[in-house]
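**Q** Listed below are the residues making up each chain.
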Amino acid sequence: MPDPIRVLVVDDEDRFRTTLVKLLGAQGLFAEAASGGEQALALLAEKPFDVVLLDVKMPGESGQEVLPRIKAVAPGVEVLILTGHASVDIAAEMIAGGAADYLLKPCPLDELVGCVRAVYDRRKAVGAG
Amino acid sequence: MKAETPRADPASAAGEPASPPAGKNRPLWLHLVGLPGVTAVAVLSAMVLPIPLAVILALFTASLAAWSAAALASRIRTSEQERCSLDAQLVQSQKLAAIGEMSAGIAHEINNPMAIIAQESDWMTHLMSQPQVTPENLAELRDSLAEIVRQVDRCKAITHNLLNFSRKMDPILQQEHLERIMEDMVLLVEKEAKLQGVSIVRDYDPELAAIQTDVPLLRQVVLNLLLNAFQAIPGQGTITVSTRPAGADRVAIAVADTGAGILPENMSKIFNPFFTTKPPGVGTGLGLSMCHGIVDRLGGAITVESEPGRGAKFTVTLPR
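These protein sequence lines map, in sequence, to chains W and R. Take 1 as the starting number for the first sequence in my numbering and just add one per residue. Take 1001 as the starting number for the second sequence in my numbering and just add one per residue.
It is worth saying that the hints were derived from the structure and are not from the lab. Everything numeric in this text was worked out from a predicted model, so none of it was measured. Hints are supplied without guarantee of correctness; some may be wrong.
[Claimed, not checked] Which chain W residues face chain R? A few, computed with CB under 8 Å, are given here:
#1 Leu-23
#2 Gln-64
#3 Gly-84
#4 Ser-87
#5 Leu-103
#6 Leu-109
#7 Val-113
#8 Arg-117
Think of the CB as a built atom: it goes at the ideal place given N, C-alpha and C, for glycine as much as any other residue.
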C-alpha cells in the first residue's frame, strides 16, 4: 500500500480547516492544519509534506506573502491555492510565484482530492524522471 | 494623516483624454502677445498718422480684438465641455471600480461560509455511509447540522446588510440634540466597554443647539463608530465622544479611540464596502461603508484621522 499523501491545510477559518482535515483523512490522505503562515512554516520545517492547500486572504500574512516563504522552507512541496477570493490577477501572480493550481471555494471534494493527487503524481513523476 | 471619502485613483480611472478638435491647436500667443502688440503699434501710429488713416487703423484693431475675444470664448467653451465629459468618464470609471471591488468582496464573504456548508454536507454523507450509526457519529451529525445553520445565518447577515446598504430611504428629519443621540448609543456600549477595560470620555458642547436630522439613521452611524472604536482597542483604552460647532451652518460629532490606529495603506480603503482587518466571521467590512452612505444621505461628510499605534478619530459633519 503506497504512503498516504501528506497534505497541510493553511486557512484562518477554524471550522473549514478542521472539517477538511477529517474529510481528507476519510479519503485516505494524511492531513494536518495550520491557522496561518507562521504556523504553516513551523510545521513545514518540522516534518515533510507533499501538498499545501493555501488560503489567500488571511489576517497577518496573506497567502501571496507566505507562498515564497513556503517555497524557501520546503522547495519540493506543491502548493495549491484554495480560496474564496475570486481574482484572476492573484491566481496568475501566485501560479507565476510557484503555485501548482488555483481552486475557488466552495470546491467539490472529489475535485479537490483529484487535484491534490494530480499534483502529487506530477511531482513524483518529475522526481523519478 | 487625514483621509477624506475614498475615491478611485483619478489618474488610472480617467483613461486617455479625448483628442482635441480641429482648430483647437491654433497657438495661444496669437491672442496673448499678437493682439496687445498690434494694439500698441496702432496707438503709436495714430499719434503720427493723419486722422482718416488713424480711424481706419483703429477700426482694424477693434475688429482684430473682437475676433480674438470670440476665438478665446469659443476655446473656453470647448475646454469646459471637454472637462465635463472627462468628469463624467471619471465618475463612470469610479463606479465600475467600486462595483468590481464590491463583487470581489461579496464573493469572498459568501464563498467561505458556502465552502463550510459544502464540507459539512460531505462529512454528513460520509458519516451516514458508515455501516453503523454510533452515538459519536450521531453527535457529529448534529454538530454538522448546527454548523450549517450557523453558516447560513452568516450568509443571511451579509445579504441583509447589503440590502440595508442599497435601500434608498429618504431621511425623515426631526429636531434633536446631538448630545442626546450620542448618549443613547454610548449607554448601549458602555457597560460592555467597562467590562473590557475601555472607558468612554464625554466631551459634549453644552451650547450646541438641536439640529434637523434623521435620528434613527444618525444613531446607526454613532453605534457603528462606537463599535468600530471598541473593537480597535485590543486591551485597555479610552474612547472619546464629542460634539462641537463646525462653522456657521454645520455641526460635528467625533468618536476617537486609543486603539491600534489605521495603517497608511488602509486609509484610502477604510470606507470601502467589505474592507476589513478583522478576523473571519467577526467583521463583514460593511459598518464604515454604511456610515459613509448614511452620512452622505444626511447631507454630511465623514473623515478619519489616524496614526498607526496612536488610535483613530472619525469625524462626522452635518448640516444644522
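**Q** Against each hint, give a clear statement of whether it holds in the structure.
**A** Outcome of the hint check:
For the restraint placing W/Leu-23 at the interface with chain R, the shortest Cβ-Cβ distance is roughly 6 Å, inside the 8 Å limit, so the hint holds. The beta carbon of W/Gln-64 is not positioned within 8 Å of any beta carbon in chain R (closest approach about 14 Å), and the interface hint is therefore violated. Interface hint at W/Gly-84: satisfied, since its Cβ lies 3 Å from the closest Cβ of chain R, which is below the 8 Å cut-off. With its C-beta approaching chain R no nearer than about 6 Å, W/Ser-87 sits inside the 8 Å limit, and its interface hint holds.
Evaluation of the W/Leu-103 hint against chain R yields a violated restraint, the C-beta minimum of about 10 Å exceeding 8 Å. Here the hint on W/Leu-109 is kept, as its CB sits about 5 Å from the closest CB of chain R, short of 8 Å. Interface restraint check: W/Val-113 against chain R, minimum CB-CB distance 11 Å, threshold 8 Å, status violated. Nearest Cβ of chain R to the Cβ of W/Arg-117: about 17 Å, over the 8 Å cut. The hint is violated.
Violated hints, in rising order: 2, 5, 7 and 8; the structure is consistent with all others.
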